[in-house]
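> What follows is the residue order along each chain.
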Amino acid sequence: MGTVDLQHVSRWYGNVVAVNDVTMTLGPGVTGLLGPNGAGKTTLLHMMSGFLAPSKGTLTVDGAPSWRNPDVYRTLGLVSEREAVHGFLTGKEFVVASARLFRLANPEEAARRALAMVEMEPAQDRRIDTYSKGMRQRIRVAAALVHDPGVLLLDEPFNGMDPRQRFHMMDLLHKMGDDGRTVLFSSHILEEVEQVSGTVQVMVAGRLAASGDFRTIRRLMTNRPHVFSIRSSDDRRLAVALIGQASVAGVDVDATGLQVRASDYGTFTRALPRIALKEGVRVRQLLPADESLESVFSYLVGA
Amino acid sequence: MNPTIARITLRGLLGRRRIWLLVPLPILLIGFAWAARAFGEPPAEWGEPVIVGLGFTAVLPVIALIVGTGVLGSEIDDGTITHILSKPLPRSEIVFTKLAVAVGVTGGFAGVPLFVVGLLADSTPLAFALVVGAFVGALAYSALFLAISVLTRRPVLLGLVYVVLWEGLLGNIMSGTAKLSIQQYVRTIVDWLAPTDILAGSVSVPVSFVMAGVFTVGMTALAVQKLRTFAVAGETG
Numbered sequence: 001m002g003t004v005d006l007q008h009v010s011r012w013y014g015n016v017v018a019v020n021d022v023t024m025t026l027g028p029g030v031t032g033l034l035g036p037n038g039a040g041k042t043t044l045l046h047m048m049s050g051f052l053a054p055s056k057g058t059l060t061v062d063g064a065p066s067w068r069n070p071d072v073y074r075t076l077g078l079v080s081e082r083e084a085v086h087g088f089l090t091g092k093e094f095v096v097a098s099a100r101l102f103r104l105a106n107p108e109e110a111a112r113r114a115l116a117m118v119e120m121e122p123a124q125d126r127r128i129d130t131y132s133k134g135m136r137q138r139i140r141v142a143a144a145l146v147h148d149p150g151v152l153l154l155d156e157p158f159n160g161m162d163p164r165q166r167f168h169m170m171d172l173l174h175k176m177g178d179d180g181r182t183v184l185f186s187s188h189i190l191e192e193v194e195q196v197s198g199t200v201q202v203m204v205a206g207r208l209a210a211s212g213d214f215r216t217i218r219r220l221m222t223n224r225p226h227v228f229s230i231r232s233s234d235d236r237r238l239a240v241a242l243i244g245q246a247s248v249a250g251v252d253v254d255a256t257g258l259q260v261r262a263s264d265y266g267t268f269t270r271a272l273p274r275i276a277l278k279e280g281v282r283v284r285q286l287l288p289a290d291e292s293l294e295s296v297f298s299y300l301v302g303a
Numbered sequence: 001m002n003p004t005i006a007r008i009t010l011r012g013l014l015g016r017r018r019i020w021l022l023v024p025l026p027i028l029l030i031g032f033a034w035a036a037r038a039f040g041e042p043p044a045e046w047g048e049p050v051i052v053g054l055g056f057t058a059v060l061p062v063i064a065l066i067v068g069t070g071v072l073g074s075e076i077d078d079g080t081i082t083h084i085l086s087k088p089l090p091r092s093e094i095v096f097t098k099l100a101v102a103v104g105v106t107g108g109f110a111g112v113p114l115f116v117v118g119l120l121a122d123s124t125p126l127a128f129a130l131v132v133g134a135f136v137g138a139l140a141y142s143a144l145f146l147a148i149s150v151l152t153r154r155p156v157l158l159g160l161v162y163v164v165l166w167e168g169l170l171g172n173i174m175s176g177t178a179k180l181s182i183q184q185y186v187r188t189i190v191d192w193l194a195p196t197d198i199l200a201g202s203v204s205v206p207v208s209f210v211m212a213g214v215f216t217v218g219m220t221a222l223a224v225q226k227l228r229t230f231a232v233a234g235e236t237g
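Chains as they are written, first to last, in my numbering: chain A, 1 to 303; chain B, 1 to 237.
Hints are computed from structural coordinates only; laboratory data are not their basis. Mixed in with the good hints, there may be bad ones.
Unchecked claim - A few chain B residues that face chain A, going by a derived Cβ cut-off under 7 Å, partial list only: (1) Ile76; (2) Thr80; (3) Lys87.
What the hints assert, rightly or not - Far from chain A, by Cβ distances over 10 Å, these chain B residues were calculated: (4) Gly12; (5) Gly15; (6) Phe39; (7) Asp78; (8) Leu89; (9) Asp122; (10) Gly176.
The beta-carbon is built from N, C-alpha and C at its ideal position, and this holds for glycine as well.
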């Protein structure tokens with residue numbers, strides 16, 4: 001139950017290839033789909049959701065294709081990235097309406113259960129228009145869960161959430177994963193998914209770049225090489241002290257300050273304050289020089 | 001028909017004071033007829049400009065356009081359509097429900113004032129014929145605008161082009177275009193039901209019925225077909 005299977009799936013728009021020959025099988029548990037913006041995550045999710053036809057390859061949910069097959073939604077719950085909802089409905093009306101559209105035997109009861117799961121009962125009688133972003137996201141999750149689907153797909157569910165809401169959502173996803181559901185969520189912010197254990201699929205430029213255990217990928221992430229520019233009260237003194245560190249691969253000194261190439265992001269950032277304190281140097285500025293997601297992802301791809 | 005979709009569609013269409021968008025045109029129509037009558041003009045004089053000039057060329061198609069593109073087009077536009085599409089429902093059920101809501105609302109908002117105008121013209125048969133005409137027109141127009149909403153991202157613009165350019169302008173210049181003009185079918189059918197010298201359609205009665213049916217069935221089938229393979233455009237990759 002709850003298996004999403006992709007075999008050599010590609011999708012192109014004219015000459016642009018959005019998804020390039022992706023093969024993966026998702027089973028019960030939580031899986032994170034990571035990648036920078038424009039990597040093809042949403043296109044891939046749209047194809048899994050039956051909102052887009054693969055240009056090539058086969059894509060099935062529990063053995064049935066999702067394209068042109070509305071019956072697939074009996075086993076599929078979707079939370080799309082666009083947070084469009086019928087804002088004139090109250091949260092409860094919205095979830096009950098979903099339950100009715102799924103033709104559930106007892107829509108009221110199913111809605112009550114789904115609302116309890118996302119802890120939205122206190123606000124269930126307010127209009128969705130009045131909800132905060134996190135509340136909207138939760139009510140959409142409730143509507144996607146109301147028919148107890150085996151597979152839940154969420155596109156950027158943590159977008160715009162504060163840390164507490166994010167934690168709560170993560171907790172919810174894990175509970176569903178532990179229940180034996182197949183949960184897939186996408187994210188372009190690596191730090192967002194830090195609490196996730198489970199598997200990760202990394203997409204870069206339309207291709208499946210890496211997949212595997214999140215802990216391995218997180219270790220690669222924290223230990224990745226990095227360039228920092230530092231300004232301090234005594235650049236030269238700091239440079240001497242830093243070059244003695246194993247986590248530092250090289251130091252350049254120029255008029256604007258120091259350029260430090262750290263071979264290990266985590267160890268270096270922990271070591272720097274200690275060294276500065278010991279040397280009596282005041283650090284005025286510490287800037288990560290290449291902190292773009294693309295560089296992080298391409299490092300992961302190379303590893 | 002799906003009652004849940006119908007209820008949500010109706011609330012989206014008429015809720016939150018949006019209903020007032022549909023009110024001015026019918027009031028204008030009744031107002032003109034009432035004023036003409038109050039000034040003592042005979043119905044033969046004002047019937048044509050009010051019923052045809054205002055009713056059939058403006059009130060009916062414009063209300064049908066607002067409603068017909070509103071029932072599905074606005075949901076496609078703001079993305080809420082995904083909530084309905086991500087349910088195990090036959091796409092025909094979604095389209096039929098939207099069509100039924102559009103026909104009911106358009107028929108009501110155009111039919112009631114036309115009925116009143118018919119009464120003001122001192123003809124109860126004409127009044128009833130106008131209601132029938134309004135619903136036949138509502139059916140054909142709604143099916144057309146519904147199909148346009150699924151086919152293009154600019155349904156209102158295209159609908160306006162059909163109503164203003166095709167039916168309004170070309171319909172008066174070239175007689176051939178009348179064969180593909182819903183307005184002409186409505187005129188002919190009303191005139192056939194209640195013969196007066198106010199309405200003279202340029203299309204024959206059988207052609208009107210057949211073509212109104214062709215429009216309705218064809219456009220509805222097209223909308224169902226297109227909704228089956230409706231692709232949601234991604235905003236981010």
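> Taking the hints in turn, state whether each one holds.
Status of each hint after checking the structure:
1. Ile76: Hint on Ile76 (chain B): violated, closest Cβ of chain A at ~10 Å, above 7 Å.
2. Thr80: 5 Å, holds
3. Lys87: 4 Å, holds
4. Gly12: 6 Å, violated
5. Gly15: Given that some Cβ of chain A is not farther than 10 Å from that of Gly15 (chain B), nearest at about 5 Å, it is violated.
6. Phe39: Consistent with the label, Phe39 (chain B) stays out of reach of chain A, its closest Cβ about 44 Å off (over 10 Å).
7. Asp78: 5 Å, violated
8. Leu89: Given a closest Cβ separation of 6 Å, the condition is violated.
9. Asp122: About 43 Å separates Asp122 (chain B) from the closest Cβ of chain A, which puts it past 10 Å; holds.
10. Gly176: 38 Å, holds
Consistency note: the structure conflicts with the earlier hints numbered 1, 4, 5, 7 and 8.
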